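A.B. asks: Here is how the chains run, residue by residue.
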Amino acid sequence: MSWLLLRVIGMKRPFSRRACLGALLGALACKSEAPAPATSTATPAAAAAAQAAAKEELVVFAAASLRDAFGNLKAEFKRTHPNLELTFNFAGTQELRAQLEHGAVVDVFASADQKSMDQLESASRVRKPAIFARNEPVIVVAQEQASKVSGLADLPALDKLVIGVPDVPIGRYTEQILSNANKTLGADFSSRVQKKIASRELDARQVLAKVMLGEADAGVVYRTDANSAHDKLAVVSIPADMNVVAEYPLAVVAAAPHPALAEEWLNFVLSPAGQELLGQAGFLPPAVAALQ
Amino acid sequence: MTRGSDTGPGRRAAPSARAARRRQRVEHSVLAGAGLLLLAFMAAPLLGLFATASFRDFVAGLQHPLVWPALRLSLITTSASLAVVVALGTPLAWVLARAQRATRLVETVLELPIVIPPAVAGIALLLAFGRRSLLGALYPPGWSLSFTTSAVVLAQVFVSAPFFVQAALSAFRRIDPHLLLVARSFGAHPLRVFARVGLPLAAPGLLAGALLSWARALGEFGATLMFAGNLEGKTQTLPLAIYTAMEADLRAAQSLSIVLVVLALLLLVGVRALLRSLDGGEVR
Numbered sequence: 000m001s002w003l004l005l006r007v008i009g010m011k012r013p014f015s016r017r018a019c020l021g022a023l024l025g026a027l028a029c030k031s032e033a034p035a036p037a038t039s040t041a042t043p044a045a046a047a048a049a050q051a052a053a054k055e056e057l058v059v060f061a062a063a064s065l066r067d068a069f070g071n072l073k074a075e076f077k078r079t080h081p082n083l084e085l086t087f088n089f090a091g092t093q094e095l096r097a098q099l100e101h102g103a104v105v106d107v108f109a110s111a112d113q114k115s116m117d118q119l120e121s122a123s124r125v126r127k128p129a130i131f132a133r134n135e136p137v138i139v140v141a142q143e144q145a146s147k148v149s150g151l152a153d154l155p156a157l158d159k160l161v162i163g164v165p166d167v168p169i170g171r172y173t174e175q176i177l178s179n180a181n182k183t184l185g186a187d188f189s190s191r192v193q194k195k196i197a198s199r200e201l202d203a204r205q206v207l208a209k210v211m212l213g214e215a216d217a218g219v220v221y222r223t224d225a226n227s228a229h230d231k232l233a234v235v236s237i238p239a240d241m242n243v244v245a246e247y248p249l250a251v252v253a254a255a256p257h258p259a260l261a262e263e264w265l266n267f268v269l270s271p272a273g274q275e276l277l278g279q280a281g282f283l284p285p286a287v288a289a290l291q
Numbered sequence: 000m001t002r003g004s005d006t007g008p009g010r011r012a013a014p015s016a017r018a019a020r021r022r023q024r025v026e027h028s029v030l031a032g033a034g035l036l037l038l039a040f041m042a043a044p045l046l047g048l049f050a051t052a053s054f055r056d057f058v059a060g061l062q063h064p065l066v067w068p069a070l071r072l073s074l075i076t077t078s079a080s081l082a083v084v085v086a087l088g089t090p091l092a093w094v095l096a097r098a099q100r101a102t103r104l105v106e107t108v109l110e111l112p113i114v115i116p117p118a119v120a121g122i123a124l125l126l127a128f129g130r131r132s133l134l135g136a137l138y139p140p141g142w143s144l145s146f147t148t149s150a151v152v153l154a155q156v157f158v159s160a161p162f163f164v165q166a167a168l169s170a171f172r173r174i175d176p177h178l179l180l181v182a183r184s185f186g187a188h189p190l191r192v193f194a195r196v197g198l199p200l201a202a203p204g205l206l207a208g209a210l211l212s213w214a215r216a217l218g219e220f221g222a223t224l225m226f227a228g229n230l231e232g233k234t235q236t237l238p239l240a241i242y243t244a245m246e247a248d249l250r251a252a253q254s255l256s257i258v259l260v261v262l263a264l265l266l267l268v269g270v271r272a273l274l275r276s277l278d279g280g281e282v283r
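Residue numbers (numbering that gives the first Met the number 0), protein chains in the order written: chain A, 0 to 291; chain B, 0 to 283.
Honestly, I wouldn't trust all of these hints.
What the hints assert, rightly or not - Just a sample of chain B residues kept apart from chain A, beta carbon distances all over 10 Å, derived:
#1 R20
#2 L35
#3 A43
#4 L46
#5 L104
#6 E110
#7 L125
#8 R130
#9 R131
#10 P176
#11 L210
#12 E246
As the list claims (entries may be wrong) - Covered stretches of chain B, as calculated for chain A (at least 3 residues, CB under 8 Å):
#13 141-151
#14 226-234
If you are wondering where the hints come from, they were derived from the structure by calculation, not from laboratory data.
These figures come from a predicted structure and were not determined experimentally.
Built from N, CA and C at the ideal position, the CB exists for glycine as well.
Generate the whole structure from the sequences, applying the supplied hints.
C.D. replies: Listed below in structure tokens is the structure:
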């Protein structure tokens, strides 16, 4: 119970117990699944060479919302890289960007936010970012209030709403969704919602925690967050014409100590096998144009 | 090193005195060196904070839109939590200092908030006082403690009280029991002994503890965020404002941090000066 709560509030630990568990479950699940993914260099010879080689290392900084999905991806990736020591650092995108800018030694950066990636790219800290997934904001509702909410229009009727601060991606998307909704739900809709806001949290996980614990009546989080707790709260979709879907870019860090391996991870995430695992966690595939 | 030739076998007495002095000096410098190492380590982040920012950054920090509401809220809530901690913590420490039994257990329980990570303390507060807690069932419909300014104060009380109670406890324990016995034997009631003998004698320790506890409450972040949330003017204290600013701009967060550090330094130095003048330098 307690470690579950810790997980929910997004305790920032580089070695997550859940990620390990996820990796384990992923490994078990994958045994009964489709054949191993064909990564760019995973010819039998290369795999054998990798096996013979000394320990490989890869450090991946990833947005907190990727925790479960990347845990599963890691298990699959390790099938072709048995000697790989893959270390994740899951945290808020802004925090990871700050760590990167202050000299953290990283191979791959996966952001929940195009803006952060753009800033890193214009500072030449990352190379050629590619969108690898999209994540759709949804409304989560505490069980006590579940019967009262069937859509965005019901939010002002609740007492305590929790959303992200406008400076973090989920908060920015929420603000955009509310102002989009003004067109169909009345020009004062977003201000009616603002009046009921009890707290502006620093990431989606904090929003989720407050709703899961029943302290907040409802909040807006990513589909992947909602999926991870679907049995403890109600999930209500936001109509596509009002929704703002988050795009997740991924890039090899310019100063990566293991650029070749980083490239392989990137290709694996974009591969059909990687996309399948991301889809299972609730991510949407990138828009067709982005995949090329 | 140039005296290497002095320590010949023929000149034993004088060099041994000199050697003893030298040894003393070495031991002193080892101790001082170890101390300085820690001091340098503790000062480095503070220097980093100030050295990479100019006075203009400090002014920019003061002008940041999040600062004033947060500063005001921090001062109000930490004053309230300090009042609660002192008003309830002093009698508790007094009783504990006099008690014979179960004090170890009680002391340990009181120390736990120092060990628990603040975010977990916040969760624990939610589980104890949240809407779904046993207590929550008694709340009026639609009402809750979380997300209120009172929740900020409670979070601060929870994390800062141990510092005050510890200091008060050791201050009360240092009082010569005979003084209290004498007061009682002259017919003073227990409350009078506490107010007229115990409190004045322990005052320096109590004030030092209050200061430490206040400083802890001022910096409180994790439990507040979890239990009280983050809403400007209502639950967003200065540390939360700093973290919020960091999401947008690291430099703004740095400016705000400098404001917090300067404020804390001013208050700490001020109160210590006050203490010294009250008390003839007993508390340094």
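A.B. asks: Each hint should be assessed against the structure and marked as holding or not.
C.D. replies: Checked hints:
{"no.": "1", "hint": "R20", "in the structure": "holds (47 Å)"}
{"no.": "2", "hint": "L35", "in the structure": "holds (27 Å)"}
{"no.": "3", "hint": "A43", "in the structure": "holds (15 Å)"}
{"no.": "4", "hint": "L46", "in the structure": "holds (16 Å)"}
{"no.": "5", "hint": "L104", "in the structure": "holds (22 Å)"}
{"no.": "6", "hint": "E110", "in the structure": "holds (20 Å)"}
{"no.": "7", "hint": "L125", "in the structure": "violated (6 Å)"}
{"no.": "8", "hint": "R130", "in the structure": "violated (5 Å)"}
{"no.": "9", "hint": "R131", "in the structure": "violated (5 Å)"}
{"no.": "10", "hint": "P176", "in the structure": "holds (43 Å)"}
{"no.": "11", "hint": "L210", "in the structure": "holds (30 Å)"}
{"no.": "12", "hint": "E246", "in the structure": "violated (4 Å)"}
{"no.": "13", "hint": "141-151", "in the structure": "holds (count 4)"}
{"no.": "14", "hint": "226-234", "in the structure": "holds (count 6)"}
The structure fails to meet hints 7, 8, 9 and 12 from the earlier list, while all remaining hints are met.
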